[in-house]
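Construct all of the structure, not just a fragment, from the sequences and the given hints.
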Amino acid sequence: MTDVKTPLLDELEKGKWPSFVKDMKQAAKKSPMAEDLLCQLELSYKDKIGHWKHGGIVGVKGYGAGVIGRYSDRPDLFPNVQAFHTMRVNHPTGWFYKTDALRNLCDVWDKHGSGLTNMHGATGDVILLGTKTEHLQSCFDDLSAVGFDLGGSGSALRTPSACVGPGRCEWACVDSLDVCYNLTMHYQDKMHRPMFPYKFKIKVSACANDCVASIARSDFSVIGTWKGDIQIDQKEVLAYAVSAINIQKEVCDLCPTKCMEWNGKELKIYNEDCTRCMHCINLMPKALRPGKERGATILVGGKAPIVQGALLSWVIVPFIKLEPPYTELKDLIDRIQDWWDEHGKSRERLGELITRLGMRVFLRAVGLPAVPQMVKAPRTNPYVFFWPEEIQKEVK
Amino acid sequence: MGVNMSEDLKKQIVDLFHEKSKGDKKMFYIRDVTRWLPDADRHAVQDAVKVLLDEEVLKYWSTGSSTYLVLAEFFPKEEGSCS
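Protein sequence lines correspond, in order, to chains A and B.
Position 118, counted from 1, in the first sequence is what this note's numbering calls 105; the numbers after and before it change by one each time, with no gaps.
Position 45, counted from 1, in the second sequence is what this note's numbering calls 83; the numbers after and before it change by one each time, with no gaps.
Keep in mind that the hints are not guaranteed to be accurate.
Below, computed lysine-lysine pairings styled on DSS-like, alpha-carbon distance capped at 27 Å [as the list claims (entries may be wrong)]:
(1) B/K48 <-> A/K177
(2) A/K40 <-> B/K64
(3) B/K48 <-> B/K115
(4) B/K48 <-> A/K383
(5) A/K308 <-> A/K214
Here are the in silico distance ranges between beta carbons for each label pair [as the list claims (entries may be wrong)]:
(6) A/L241 <-> B/K63: 49 to 57 Å
(7) B/G61 <-> A/G354: 39 to 47 Å
(8) A/P(-6) <-> B/L75: 51 to 59 Å
(9) B/K63 <-> A/S6: 26 to 34 Å
(10) B/E45 <-> A/K279: 36 to 44 Å
Hints in this document: simulated from the structure, not taken from any laboratory.
Just so you know, even glycine gets a beta-carbon here, dropped at the ideal spot from N, CA and C.
Shown next, in the form of structure tokens:
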């Protein structure tokens, strides 16, 4: 790295937090691309404008996704970032890597790109930042050789992601890793050959703690849950009461549905009022466990604010058993995507389409019955789900 | 017969792309293409577009968040530009 002056970026190195500028400077010592990137970013701060031209090439043979074209609008000043494409690489489900896999990935990227990575993007993919057009195919070939594939981008099914699930977590109600991997392999064409009105995201959380934030970030959320009573070990409840936790204040009073009673000796749960939020189980994992019949809740329509405002997912199936090969789940996904594909406007997400046409229309189209769990907020009018003729039938 | 129908559909799609690309706008969403052919089966149109992509008659152009389709001959030479 030559003696580059970046006074504005240097400000971002101050403070107690890790700085991406520090990482870029480190990369710039051996990568001319990283050095030009640093200089262009400094210019962007100085000019108060981004110096990237977005979009373009998706140039790996047979793929319409996974590469995002980026070009500098000042190639005269920064020739090494004239083309600075991003590659999105499908991460291993649950982000479990062996160290040799990570080394192989980095070796490929040192060979073909800037060496800079973002581990990981919002969708979950490995983001490899900055390669030239002529390296795209060879980089893809080398990634394939070490067992990696491109992920989704553009108007496609985005790379499905899942929490660590039963791999590390005692609370897992479903095998989120297997569900995610199975869906990823099943929907390869929808990920790599964009044919949707816009992006479509699937995320799988193994319990209601929702560690991948599927409820806020995915069009189709799978969240592990259970049926029946929470399992209680009263001896362990007492042990918590004696040692660390004020059960009345921290467990019962903070239960969202107030479905628990504590008399100082015994914890009683009115399971019919429980919404399975996991709050009590999180606080007393030795004393409480999810019920024995495990499955998942399906929700749709979550998204971050881009074209329109943010939406949280909406329950459409309160409980579904999830067992390989997940045929029922896939059939549901296919019906939903087909309806959205037919009726969605360009750049309209599933949640926005449901908001525009109504949950009633959606339910009829995908063949799901209206059930009480779909009422999004208490005391809202549940009749929005029913067609006038159905209400008339009930009245008669 | 299926092959012939597919070939007909492909030709229709390519002709429509040429017609719609006469103005400044050269890039279209897949949704635009299915709308140009309201009587055709949407899935058949999408399948025909995929074949045209394989044959490199059409090309993908992506911003990263949205994907467009463009006739290969109109794929921007000025990298990074979008009409």
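For each hint, the structure was consulted:
{"no.": "1", "hint": "B/K48 <-> A/K177", "verdict": "20 Å, holds"}
{"no.": "2", "hint": "A/K40 <-> B/K64", "verdict": "18 Å, holds"}
{"no.": "3", "hint": "B/K48 <-> B/K115", "verdict": "25 Å, holds"}
{"no.": "4", "hint": "B/K48 <-> A/K383", "verdict": "54 Å, violated"}
{"no.": "5", "hint": "A/K308 <-> A/K214", "verdict": "10 Å, holds"}
{"no.": "6", "hint": "A/L241 <-> B/K63: 49 to 57 Å", "verdict": "56 Å, holds"}
{"no.": "7", "hint": "B/G61 <-> A/G354: 39 to 47 Å", "verdict": "42 Å, holds"}
{"no.": "8", "hint": "A/P(-6) <-> B/L75: 51 to 59 Å", "verdict": "57 Å, holds"}
{"no.": "9", "hint": "B/K63 <-> A/S6: 26 to 34 Å", "verdict": "43 Å, violated"}
{"no.": "10", "hint": "B/E45 <-> A/K279: 36 to 44 Å", "verdict": "57 Å, violated"}
Violated hints, in rising order: 4, 9 and 10; the structure is consistent with all others.
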